[in-house]
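**Q** Those protein sequence lines, which keep their order, are chains Z and E.
Each residue of the first sequence is one higher than the one before, counting from 166 in the working numbering.
Each residue of the second sequence is one higher than the one before, counting from 11 in the working numbering.
I should point out that these hints are in silico values taken from the structure, not numbers from a laboratory.
Be aware that a few hints might be false.
[Said to hold, decoys possible] Quick list of the computed label-pair ranges, beta carbon to beta carbon:
| no. | chain 1 | residue 1 | chain 2 | residue 2 | range |
| --- | --- | --- | --- | --- | --- |
| 1 | Z | 246 | E | 68 | 46 to 52 Å |
| 2 | E | 66 | Z | 206 | 45 to 51 Å |
| 3 | E | 19 | Z | 168 | 39 to 45 Å |
| 4 | Z | 179 | E | 19 | 20 to 26 Å |
| 5 | E | 120 | Z | 248 | 38 to 44 Å |
[Claimed, not checked] Computed far set for chain E versus chain Z, every beta-carbon distance over 10 Å:
| no. | residue |
| --- | --- |
| 6 | 28 |
| 7 | 107 |
| 8 | 121 |
Glycine is no exception: its CB is placed at the ideal position from the N, C-alpha and C atoms.
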Amino acid sequence: NAGVMQNPRHLVRRRGQEARLRCSPMKGHSHVYWYRQLPEEGLKFMVYLQKENIIDESGMPKERFSAEFPKEGPSILRIQQVVRGDSAAYFCASSRDFEAFFGQGTRLTVV
Amino acid sequence: GIQVEQSPPDLILQEGANSTLRCNFSDSVNNLQWFHQNPWGQLINLFYIPSGTKQNGRLSATTVATERYSLLYISSSQTTDSGVYFCAVERNYNQGGKLIFGQGTELSVKP
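With the hints as extra help, turn the sequences into a complete structure.
**A** Below you can see the structure in the form of structure tokens.
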């Protein structure tokens, strides 16, 4: 039973480019969550999605960040016009029966 | 919002030693999980433990929900136990994934 799958594992973008991060939840899980981990810090919640719906985006920056979880395919976290401060590890989690499981993360570096 | 405090922030042990990590939270919670982030950045589920006591091999955890704390015990530590241990809680029923993380305890086990 595959776990939460994220890709790519590492992503390098120049300032001003777009970053697209993908997440496939565990089989049978329909709730997806995105988190960001800045260096030397804990994880911070960004957004909670179910299929085709954003349930809670209270942790998302107001500009340049968006997320979707389409009916078919993985969840996507999109960062437009990246800046150096967006460099971080981005984790996706899915949950069932109130226990969350995390993917291996995407490490975004903005140069 | 709810505050999650972990102690100690850093811990250095000799292989074979035992340790206790603590997590305090400022309000009642419906979900509490312990994670181990290994040196490669991967988040590994240790316990889903909103209350009570659980054991898994050399690790065990206890949550006393009425007193708002949880303890993680590591016995006979090994070098592979090194990494950061996070406690994370959820205040409301959001299917388990909208977690608030503590700042972590960084554990280093020396051979």
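**Q** Enumerate the violated hints, using their earlier numbering and listing them in ascending order.
**A** Structure breaks hints 2, 3, 4, 7.
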